[in-house]
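K.L.:
Taking the hints into account, I'd like the entire structure generated from these sequences.
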Amino acid sequence: MKLKTIMLSLSFLSLMLFNTTVFAQDSSFSLIQKELTQQQRDLLQKEKEVMKINREAFKASLTKEQFVLLRNKTISKYEIRKRLVATFSRNQKSMVKNQQVSLRKTRDNFRKTLTGEQRKMLKERIDKIQKNKDRGELKDGPRNNNNANDGKKRRNKGK
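Following this note's numbering, the numbering of the sequence shown begins with -5 at its first residue and continues without gaps.
It is possible that some hints are incorrect.
Cut-off 30 Å, straight-line C-alpha distance, at most; resulting in silico cross-link-like pairs (DSSO-like, lysine-lysine) [to be verified]:
1. Lys76 - Lys46
2. Lys106 - Lys76
3. Lys58 - Lys125
4. Lys99 - Lys122
5. Lys42 - Lys67
6. Lys42 - Lys125
The calculated label-pair distances, taken between Cβ atoms and stated as ranges, are [said to hold, decoys possible]:
7. Phe82 - Lys46: 19 to 25 Å
8. Gln33 - Lys58: 38 to 44 Å
9. Arg84 - Val62: 18 to 24 Å
10. Gln39 - Phe61: 35 to 41 Å
To be clear, the hints were calculated from the coordinates, so they are not data collected in a lab.
Quick caveat: nothing in here was measured; it's all calculated off a predicted structure.
Beta carbons are placed, not taken as given, at the ideal position from N, Cα and C, and that holds for glycine.
P.N.:
The following block contains the structure:
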């Protein structure tokens, strides 16, 4: 049960950090922001800026072939990731690894600052998001049904 709570908290934090629009309206996100302390908001804002800079640097390092692979909507996300990682240079691999380490540290720091009440509120928000029936849809429609994982998410255990 505790693992599930931690995973839900990590999922929510990663959604916030990746700056994706999950909520139907900005007002929901604003409500969550209001529940955070100034220190927590500053931590998240700082990490967003660092991630944006890292993302831009990574995008600049991609080759034309890698961009073509990223934009391919005929294969599953898993297959795209698998093929893309196979084409990474040492520099790109190191950029990805450094970003992952930085994100883990930020998550840990953020988690340490949460109060019991904040954890409960975040868990309720995550549960609400997961129950949303439109979750997982793509803007341009679903990908082909050739997902290598039979539609199930599996955690990448690293190699």
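K.L.:
Per the hint of 18 to 24 Å, is the separation of the Cβ atoms of Arg84 and Val62 within bounds?
P.N.:
Holds, since Arg84 and Val62 (Cβ atoms, about 22 Å apart) stay within the stated range.
K.L.:
Within a Cα-Cα threshold of 30 Å, do Lys99 and Lys122 meet the stated pairing?
P.N.:
holds (27 Å)
K.L.:
Assuming the hint says 19 to 25 Å, is it satisfied by the Cβ distance from Phe82 to Lys46 or not?
P.N.:
Holds, since Phe82 and Lys46 (Cβ atoms, about 20 Å apart) stay within the stated range.
K.L.:
Given a hint of 35 to 41 Å, does the C-beta separation of Gln39 and Phe61 actually sit inside it?
P.N.:
Given about 29 Å between the Cβ atoms, the range is violated.
K.L.:
Take a quick look at whether Lys106 and Lys76 sit within 30 Å of each other, Cα to Cα.
P.N.:
violated (33 Å)
K.L.:
At the C-beta level, are Gln33 and Lys58 separated by a distance inside 38 to 44 Å?
P.N.:
holds (43 Å)
K.L.:
Is the hinted pair Lys42 and Lys125 satisfied, with a Cα-Cα distance of at most 30 Å?
P.N.:
Roughly 27 Å separates the two Cα atoms, so the pair holds.
K.L.:
Does the structure keep Lys76 and Lys46 at a Cα separation of 30 Å or less?
P.N.:
Distance of about 23 Å is within 30 Å: holds.
K.L.:
Just to be careful, I want the Cα atoms of Lys58 and Lys125 compared with a cutoff of 30 Å; is the pair within it?
P.N.:
violated (38 Å)
K.L.:
Would the pair Lys42 and Lys67 pass a check requiring their Cα atoms to be no farther apart than 30 Å?
P.N.:
Satisfied, since the Cα-Cα distance of roughly 27 Å is no more than 30 Å.
Of the numbered hints listed earlier, those contradicted by the structure are 2, 3, 10.
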